[in-house]
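Residue numbers (this note's numbering), protein chains in the order written: chain F, 1 to 256; chain G, 1 to 256.
Just so you know, the hints here were simulated from the structure itself, not pulled from any lab data. Treat the hints loosely; a few may be bogus.
Unchecked claim - Computed Cβ-Cβ distance ranges for the label pairs, DEER-style:
| id | chain 1 | residue 1 | chain 2 | residue 2 | range |
| --- | --- | --- | --- | --- | --- |
| 1 | G | Lys-202 | F | Asn-85 | 50 to 58 Å |
| 2 | G | Lys-229 | F | Leu-17 | 22 to 30 Å |
| 3 | G | Glu-228 | F | Pro-219 | 50 to 58 Å |
| 4 | F | Leu-17 | G | Asp-119 | 56 to 64 Å |
| 5 | F | Asp-203 | G | Asp-194 | 20 to 28 Å |
| 6 | F | Asp-28 | G | Gln-96 | 31 to 39 Å |
| 7 | G | Ser-111 | F | Asp-203 | 14 to 22 Å |
| 8 | G | Lys-202 | F | Leu-223 | 53 to 61 Å |
| 9 | F | Asn-167 | G | Arg-113 | 38 to 46 Å |
| 10 | G | Met-187 | F | Leu-223 | 18 to 26 Å |
| 11 | G | Ser-218 | F | Gln-225 | 42 to 50 Å |
| 12 | G | Gly-97 | F | Ala-46 | 38 to 46 Å |
Stated by the list, open to error - Listed next, the in silico BS3-like pairs over lysine-lysine satisfying Cα-Cα at most 27 Å (straight line):
| id | chain 1 | residue 1 | chain 2 | residue 2 |
| --- | --- | --- | --- | --- |
| 13 | F | Lys-202 | F | Lys-240 |
| 14 | F | Lys-51 | F | Lys-160 |
| 15 | G | Lys-118 | F | Lys-240 |
| 16 | G | Lys-72 | G | Lys-118 |
| 17 | G | Lys-160 | G | Lys-202 |
| 18 | G | Lys-240 | F | Lys-193 |
| 19 | G | Lys-38 | F | Lys-240 |
| 20 | F | Lys-240 | G | Lys-193 |
| 21 | G | Lys-160 | F | Lys-240 |
| 22 | F | Lys-202 | G | Lys-118 |
| 23 | G | Lys-72 | G | Lys-160 |
| 24 | G | Lys-229 | F | Lys-160 |
| 25 | F | Lys-128 | F | Lys-118 |
| 26 | G | Lys-118 | G | Lys-160 |
| 27 | G | Lys-72 | F | Lys-214 |
| 28 | F | Lys-38 | F | Lys-51 |
| 29 | G | Lys-38 | G | Lys-202 |
| 30 | F | Lys-214 | F | Lys-55 |
| 31 | F | Lys-38 | G | Lys-240 |
| 32 | F | Lys-51 | F | Lys-214 |
| 33 | G | Lys-240 | F | Lys-240 |
| 34 | G | Lys-202 | F | Lys-240 |
| 35 | F | Lys-128 | F | Lys-55 |
| 36 | F | Lys-240 | G | Lys-51 |
| 37 | G | Lys-160 | G | Lys-51 |
| 38 | G | Lys-240 | G | Lys-202 |
| 39 | G | Lys-214 | F | Lys-229 |
| 40 | G | Lys-38 | G | Lys-229 |
Note that the Cβ used here is the ideal one computed from N, Cα and C, for glycine as well.
2 protein chains.
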Amino acid sequence: MTRPAPQPHAYYESNRLLAEYAEFHFGDTWYGVENFPKALAERALAAMAGKPRGKALDLGCACGRASFELAKQFDEVEGIDFSANFVHLASEMARQGSVRYPLTEEGELTSERTRSLKDMGLDACASKVSFYQGDACNLEGRFTDYDLVLAANLIDRLYKPRLFLNNIHQRINDAGILLIASPYTWMEEHTPKDEWIGGFQKDGEDYTTLDGLKEILSPNFRLIQAPEKVPFVIRETQHKFQHTLSEVTLWERLPR
Amino acid sequence: MTRPAPQPHAYYESNRLLAEYAEFHFGDTWYGVENFPKALAERALAAMAGKPRGKALDLGCACGRASFELAKQFDEVEGIDFSANFVHLASEMARQGSVRYPLTEEGELTSERTRSLKDMGLDACASKVSFYQGDACNLEGRFTDYDLVLAANLIDRLYKPRLFLNNIHQRINDAGILLIASPYTWMEEHTPKDEWIGGFQKDGEDYTTLDGLKEILSPNFRLIQAPEKVPFVIRETQHKFQHTLSEVTLWERLPR
Chain F
1 MTRPAPQPHA YYESNRLLAE YAEFHFGDTW YGVENFPKAL AERALAAMAG KPRGKALDLG
61 CACGRASFEL AKQFDEVEGI DFSANFVHLA SEMARQGSVR YPLTEEGELT SERTRSLKDM
121 GLDACASKVS FYQGDACNLE GRFTDYDLVL AANLIDRLYK PRLFLNNIHQ RINDAGILLI
181 ASPYTWMEEH TPKDEWIGGF QKDGEDYTTL DGLKEILSPN FRLIQAPEKV PFVIRETQHK
241 FQHTLSEVTL WERLPR
Chain G
1 MTRPAPQPHA YYESNRLLAE YAEFHFGDTW YGVENFPKAL AERALAAMAG KPRGKALDLG
61 CACGRASFEL AKQFDEVEGI DFSANFVHLA SEMARQGSVR YPLTEEGELT SERTRSLKDM
121 GLDACASKVS FYQGDACNLE GRFTDYDLVL AANLIDRLYK PRLFLNNIHQ RINDAGILLI
181 ASPYTWMEEH TPKDEWIGGF QKDGEDYTTL DGLKEILSPN FRLIQAPEKV PFVIRETQHK
241 FQHTLSEVTL WERLPR
């Protein structure tokens, strides 16, 4: 996997992005759209009703909000992200119970925000979560035996999403749940076009990402409810927001 | 002014962007947010009540929707954009009364849209508008004698916004109106940091873009009403949207 050379403003940009995601996970809501990692965790927990809730994996955890939310009911939650910066912030939240970051208002003007687990009713969850830097397409063997794997806004940022989807069942217990959420925003800078799992024509017909998911996952999973589009909003400045719909699908691991 | 070298996917990207803006100007609305160029034209026309409505300039006109809307009351409207692609589409709409473009749904899947002036109640306006490629920082001398200049989502994309703002009064008739709308999204790829007119600290205090506008424009204009944040939504795919607030300020040209 080749990576672009660091850009002149890469450090500033990466810090700005970190603050955006910290606010996305722990901050205010806009346009009446509820907190997205929390909303996903709630959907996952609803699907786990009556099932064992031993260990969960939050893959592409970013700043970790869903991990904390899942720990309300799971014994143990592991969060993994490709970005060491994100993992560092998530770990800091778990260790200290709060984080502080500079939110962009306009241009280079910022305002400081402090967010705490206590204010989110999550302080009892900190001891059950742990965060690791890792690559969803090349996970270490120790990350296995999960009752739930949550993959939120992940698959369209992987360099080999098919590889990930072909193998993830090996890490999920029988009757365990895989939750995938994605806006299916395929971009060649993240995923080479020949690795896209949908969003193109095949045999002269539209072949969507949902078609691809069904084809790839069906040997090992069954889709347990109708796909649902869940909105999220990421604040970039006081005036500029990304307003996106992420399609949530819930898959139950077939018995081995 | 130096420009980056063309990128491998520049042609595809520029066509995708053109379709995004065609839909932004002539297409559907989302999240209950009204058509933005139309909303701005209506605010401008309201401010022109009782004033001469001879000639208007729509600077940074993109696909031209505001130009057509202004032509409901103005004798003549000129639209100028830096992008020849945008000007071409706007001109095509004026000449043919309709345009057709491929809207991105997911990945490279698209669906065709056709939009007509008639469906927007604007067919009588086509003969009053004309579109030109041009640079707001270096306008030809013939673009002058306007009763209204509309500058929508323009100033934070200029390489020398101060130069533009320092000179625009020369092209506006006495008691004419300048409408500026901007989310103040300053980015160094468009505007070198030393050309930003606000969004930084000055003498240890926050200095906003609105502060900068007031300082630069006050010798030749008076602010005639309180700034107003007007939302707009740009659809990128069926799932991904930019949801932005553009601050609208209305300025009346002081007598010479």
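Status of the hints after comparison with the structure:
no.: 1; hint: G:Lys-202 to F:Asn-85: 50 to 58 Å; verdict: violated (30 Å)
no.: 2; hint: G:Lys-229 to F:Leu-17: 22 to 30 Å; verdict: holds (24 Å)
no.: 3; hint: G:Glu-228 to F:Pro-219: 50 to 58 Å; verdict: holds (56 Å)
no.: 4; hint: F:Leu-17 to G:Asp-119: 56 to 64 Å; verdict: violated (41 Å)
no.: 5; hint: F:Asp-203 to G:Asp-194: 20 to 28 Å; verdict: violated (55 Å)
no.: 6; hint: F:Asp-28 to G:Gln-96: 31 to 39 Å; verdict: violated (46 Å)
no.: 7; hint: G:Ser-111 to F:Asp-203: 14 to 22 Å; verdict: holds (19 Å)
no.: 8; hint: G:Lys-202 to F:Leu-223: 53 to 61 Å; verdict: holds (57 Å)
no.: 9; hint: F:Asn-167 to G:Arg-113: 38 to 46 Å; verdict: holds (40 Å)
no.: 10; hint: G:Met-187 to F:Leu-223: 18 to 26 Å; verdict: violated (41 Å)
no.: 11; hint: G:Ser-218 to F:Gln-225: 42 to 50 Å; verdict: violated (60 Å)
no.: 12; hint: G:Gly-97 to F:Ala-46: 38 to 46 Å; verdict: violated (52 Å)
no.: 13; hint: F:Lys-202 to F:Lys-240; verdict: violated (36 Å)
no.: 14; hint: F:Lys-51 to F:Lys-160; verdict: violated (31 Å)
no.: 15; hint: G:Lys-118 to F:Lys-240; verdict: violated (33 Å)
no.: 16; hint: G:Lys-72 to G:Lys-118; verdict: holds (13 Å)
no.: 17; hint: G:Lys-160 to G:Lys-202; verdict: holds (19 Å)
no.: 18; hint: G:Lys-240 to F:Lys-193; verdict: holds (19 Å)
no.: 19; hint: G:Lys-38 to F:Lys-240; verdict: holds (20 Å)
no.: 20; hint: F:Lys-240 to G:Lys-193; verdict: holds (19 Å)
no.: 21; hint: G:Lys-160 to F:Lys-240; verdict: holds (22 Å)
no.: 22; hint: F:Lys-202 to G:Lys-118; verdict: violated (37 Å)
no.: 23; hint: G:Lys-72 to G:Lys-160; verdict: violated (32 Å)
no.: 24; hint: G:Lys-229 to F:Lys-160; verdict: violated (42 Å)
no.: 25; hint: F:Lys-128 to F:Lys-118; verdict: holds (15 Å)
no.: 26; hint: G:Lys-118 to G:Lys-160; verdict: violated (38 Å)
no.: 27; hint: G:Lys-72 to F:Lys-214; verdict: violated (51 Å)
no.: 28; hint: F:Lys-38 to F:Lys-51; verdict: holds (20 Å)
no.: 29; hint: G:Lys-38 to G:Lys-202; verdict: violated (36 Å)
no.: 30; hint: F:Lys-214 to F:Lys-55; verdict: holds (25 Å)
no.: 31; hint: F:Lys-38 to G:Lys-240; verdict: holds (20 Å)
no.: 32; hint: F:Lys-51 to F:Lys-214; verdict: holds (23 Å)
no.: 33; hint: G:Lys-240 to F:Lys-240; verdict: holds (14 Å)
no.: 34; hint: G:Lys-202 to F:Lys-240; verdict: holds (23 Å)
no.: 35; hint: F:Lys-128 to F:Lys-55; verdict: holds (10 Å)
no.: 36; hint: F:Lys-240 to G:Lys-51; verdict: violated (34 Å)
no.: 37; hint: G:Lys-160 to G:Lys-51; verdict: violated (31 Å)
no.: 38; hint: G:Lys-240 to G:Lys-202; verdict: violated (36 Å)
no.: 39; hint: G:Lys-214 to F:Lys-229; verdict: violated (43 Å)
no.: 40; hint: G:Lys-38 to G:Lys-229; verdict: holds (15 Å)
The structure shown violates the earlier hints numbered 1, 4, 5, 6, 10, 11, 12, 13, 14, 15, 22, 23, 24, 26, 27, 29, 36, 37, 38 and 39.
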